[in-house]
Amino acid sequence: MAFKIVSSQCTSCSACEPECPNMAISEKNGTFVIDPAKCTECINYFDEPQCVAVCPVDDTCIIDNNYPRYSA
Amino acid sequence: MASQIVSLASVATPNNGVDLDEIMQQKAEHQGCGTSGGSGKASCGTGAGQGDLAPEIWEKVKNHPCYSEEAHHHYARMHVAVAPACNIQCNYCNRKYDCANESRPGVVSEKLTPEQAAKKVLAVASTIPQMTVLGIAGPGDPLANPEKTFKTFELISKTAPDIKLCLSTNGLMLPDHVNTIAGYNVDHVTITINMVDADVGAQIYPWIYYKNKRYKGREAAQILTDRQMQGLEMLTERGILCKVNSVMIPGINDHHLVEVNRAVKSRGAFLHNIMPLISAPEHGTVFGLNGQRGPTAQELKSLQDSCEGEMNMMRHCRQCRADAVGLLGEDRSAEFTTEAVMAMEVDYDIDSRKAYQTLVEQERQATADAKRMELETLAGEQSDVKILIAVATKGSGRINEHFGHATEFQIYEASASGAKFVGHRRVDLYCQGGYGEEEALETTIIRAINDCTAVFVAKIGGCPKASLESAGIDAVDRYAFEYIEQSVIAYYRDYLDKIRSGSVVHGQRGDAQIRQGAYVAA
Ligand code: SF4
Ligand code: SF4
Ligand code: SF4
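For the protein sequence lines, the chains are G and F, in the order given. Numbers given in the numbering used here equal positions in the first sequence, counted from 1, plus 990. Numbers given in the numbering used here equal positions in the second sequence, counted from 1, plus 127.
Derived by calculation from the structure, the hints in this document are not laboratory data. Where a beta carbon is used, it is the ideal one built from N, C-alpha and C, also for glycine. It is possible that part of the hints are untrue.
[As the list claims (entries may be wrong)] Interface residues of chain F toward chain G, partial, derived using beta-carbon atoms under 8 angstroms:
id, residue
1, P211
2, A212
3, C213
4, T240
5, Q243
6, G267
7, A271
8, N339
9, R341
10, Y622
11, K625
[Unchecked claim] Here are the simulated SDA-like pairs of lysine to any residue, each with C-alpha atoms no more than 25 angstroms apart in a straight line:
id, chain 1, residue 1, chain 2, residue 2
12, F, K625, F, G589
13, F, K343, G, N1034
14, F, K340, G, R1059
15, F, K338, G, N1055
16, F, K338, F, S393
17, F, K338, G, A1014
18, F, K343, F, N306
19, F, K343, G, D1025
20, F, K278, G, T1030
21, F, K278, F, D324
22, F, K340, G, T1030
23, F, K343, G, A1027
[Unchecked claim] Covered stretches of chain G (in silico footprint by chain F; criterion: 3 or more residues with CB under 8 angstroms from a CB of chain F, positions within the stretch not fixed):
id, segment
24, 1014-1024
25, 1042-1049
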């Protein structure tokens, strides 16, 4: 499974982009998006998903239920 | 370092020790030092040099509109918004919008790449020769975006080496970047420090993001204050000037800021700027939504006064937006949109900038001379009457704005020791050509300057004059286009004469309101 960004809430502040250990985050049409193929939920890297930890807007980086949980 | 702390925001009052005009004119003798130096500043006795503002510091601040109250009449600064990300959350900030408290635009404002920013700076500097300072303050935290921030500095220091660089940060990442900051010759850093006690901090900062982890509450505030103090010490050790900004939040950190003032002073900050919390529900901030109020004008002034004995206060900060361009209180950013800038042919000519600045320097000298001569007429005056005077000005230290066009008033305190700039009040535009609306006048301007005895203007209509008069405020246009401080002293002298002859009765005026909302010049 992966995280996704709720684009209607994203402020495009770019804070999450450099924090992702998998370079899964990029800017697209003014807001930021997560590439589900690259996101590992930060497992094996950090205790908490970095995009969630740094994002200034609550509930903007959330679990994307369209994908199964990531397992290392 | 404490000996370098000098009163920037005050004029030559007998017990204040040092003032900028005096240093500027390299006057050998001091006015009234040694006998009544109750402020405890180690600033007297040695003449120009050591005990005074060190010459290197004076060199650095004299043309900086944000640091020198006097320079802000004559020099301009600009900010470029290259740093969108932030690493902490403040309860007075909603990052979707412009933040009035930390003078940064919201992320909805135009974002610039370092290359665009550098071009913009050159374009502005070529058009506005008084532009001497470039700052990076947002929209997020410059040190949460170190690559973008330092790339911008690098580009500008190559093409326009005469422009001073400064940056404004929350301090969390400061210790990690002090070397780089020193390397780019950044000589001014502003740190926003709202507390030195984690219990207070927990009420201001819900969380921080530090070393790949989100910290909350007391723990977050403790890390933040430790990092801020460490960063401040590291900068001042290297001789980089540090200003501290604090947002005054009544009931949360208002009394505590006296302690903050002591903490930052002892670590070598040279200026402390206490700003009122700006908070309204429509800002969508935690404080806006929970009804946290900002201080009144009198509450702010009395806190600034109680810290002034300890340290320099900066009273002229307008909390302008981080993408503002121009003299303080004016914003010409609309002329310099990215599109317009990219299309400009920029010819950066250091010599013509210098020539212009020489003229400004002469004008500034004339202002200081006029003030000094007027001050001599107060010699021996013992009265303890103090009054506040609001002034409508467009800059250059003169009373040169029409009452109806003023978007802000500068407030001076007149007393037997002279004229002292104590702050400014923003007002909504009362008149946009033609007659103003009575309602707006009553509600906005009078409330904003209600603690003033008089208002000085270049021109004023009969109706607003009468409304002011009925609110007990003397509307004065006889000093139109004269120097502000000279006129304030002259008015004060007349006022004392009138009290003595019985034609006016001096009474205490009420409190005034601080306008809520970001400063965006019309
Ligand atoms: S959860 Fe971690 S890996 Fe996934 S996008 Fe966020 S930062 Fe990147
Ligand atoms: S940190 Fe949050 S608001 Fe900022 S760009 Fe990433 S998702 Fe958007
Ligand atoms: S907000 Fe305006 S007045 Fe305040 S420090 Fe910045 S530029 Fe100077």
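Hint check results:
1. Because the beta carbon of P211 of chain F sits about 5 angstroms from the nearest beta carbon in chain G, less than 8 angstroms, this interface hint is met.
2. With its C-beta approaching chain G no nearer than about 4 angstroms, A212 of chain F sits inside the 8 angstroms limit, and its interface hint holds.
3. Residue-level restraint check for C213 of chain F holds (minimum Cβ-Cβ distance to chain G is 6 angstroms; threshold 8 angstroms).
4. Interface restraint check: T240 of chain F against chain G, minimum CB-CB distance 12 angstroms, threshold 8 angstroms, status violated.
5. Because the smallest distance between the Cβ of Q243 of chain F and any Cβ of chain G comes to about 15 angstroms, over 8 angstroms, the interface hint for this residue is violated.
6. A hinted interface residue such as G267 of chain F counts as satisfied when its beta carbon comes closer than 8 angstroms to some beta carbon of chain G; here the least separation is about 6 angstroms, so the hint holds.
7. Hint status for A271 of chain F: holds, given a least beta-carbon distance of 7 angstroms to chain G, under 8 angstroms.
8. This hint holds: N339 of chain F has a C-beta 5 angstroms from the nearest C-beta of chain G, less than the 8 angstroms allowed.
9. With a cut of 8 angstroms, the hint placing R341 of chain F at the interface with chain G holds, because the nearest CB-to-CB distance is about 4 angstroms.
10. Interface hint status for Y622 of chain F: violated, as the beta-carbon distance to the closest one in chain G is roughly 51 angstroms, over 8 angstroms.
11. A hinted interface residue such as K625 of chain F counts as satisfied when its beta carbon comes closer than 8 angstroms to some beta carbon of chain G; here the least separation is about 56 angstroms, so the hint is violated.
12. Between the alpha carbons of K625 of chain F and G589 of chain F the distance comes to roughly 24 angstroms, so the proposed pair stays at or under 25 angstroms and holds.
13. As the CA atoms of K343 of chain F and N1034 of chain G are separated by approximately 23 angstroms, the hinted pair is consistent with the 25 angstroms bound.
14. Pair hint K340 of chain F plus R1059 of chain G holds up; C-alpha atoms about 22 angstroms apart against a cutoff of 25 angstroms.
15. Proposed proximity of K338 of chain F and N1055 of chain G is contradicted: the alpha carbons are some 28 angstroms apart, above 25 angstroms.
16. About 28 angstroms separates the Cα atoms of K338 of chain F and S393 of chain F, which puts this hinted pair outside 25 angstroms; it is violated.
17. Simply put, K338 of chain F and A1014 of chain G have alpha-carbon atoms about 19 angstroms apart, close enough for the 25 angstroms limit, and the pair holds.
18. Pair hint K343 of chain F plus N306 of chain F does not hold up; C-alpha atoms about 29 angstroms apart against a cutoff of 25 angstroms.
19. For the proposed pair K343 of chain F and D1025 of chain G, the alpha carbon gap of about 29 angstroms is over 25 angstroms, so the pair is violated.
20. For the hint pairing K278 of chain F with T1030 of chain G, the CA-to-CA distance comes to about 31 angstroms; that exceeds 25 angstroms, so the pair is violated.
21. Of the pairs offered as hints, the one joining K278 of chain F and D324 of chain F is violated, with about 35 angstroms between alpha carbons and a cut-off of 25 angstroms exceeded.
22. At most 25 angstroms may separate the alpha-carbon atoms for a hinted pair to count; K340 of chain F and T1030 of chain G meet this at roughly 17 angstroms.
23. With a CA separation close to 31 angstroms, the supplied pair K343 of chain F and A1027 of chain G exceeds the 25 angstroms bound.
24. For the segment 1014-1024 of chain G, the stated coverage by chain F is violated: 0 residues have a C-beta nearer than 8 angstroms to a C-beta of that chain, whereas at least 3 were required.
25. With 5 residues having a beta carbon nearer than 8 angstroms to a beta carbon of chain F, the segment 1042-1049 of chain G meets the requirement of three or more and the stated coverage holds.
Violated hints, listed in ascending order, are 4, 5, 10, 11, 15, 16, 18, 19, 20, 21, 23, 24; each of the other numbered hints is respected by the structure.
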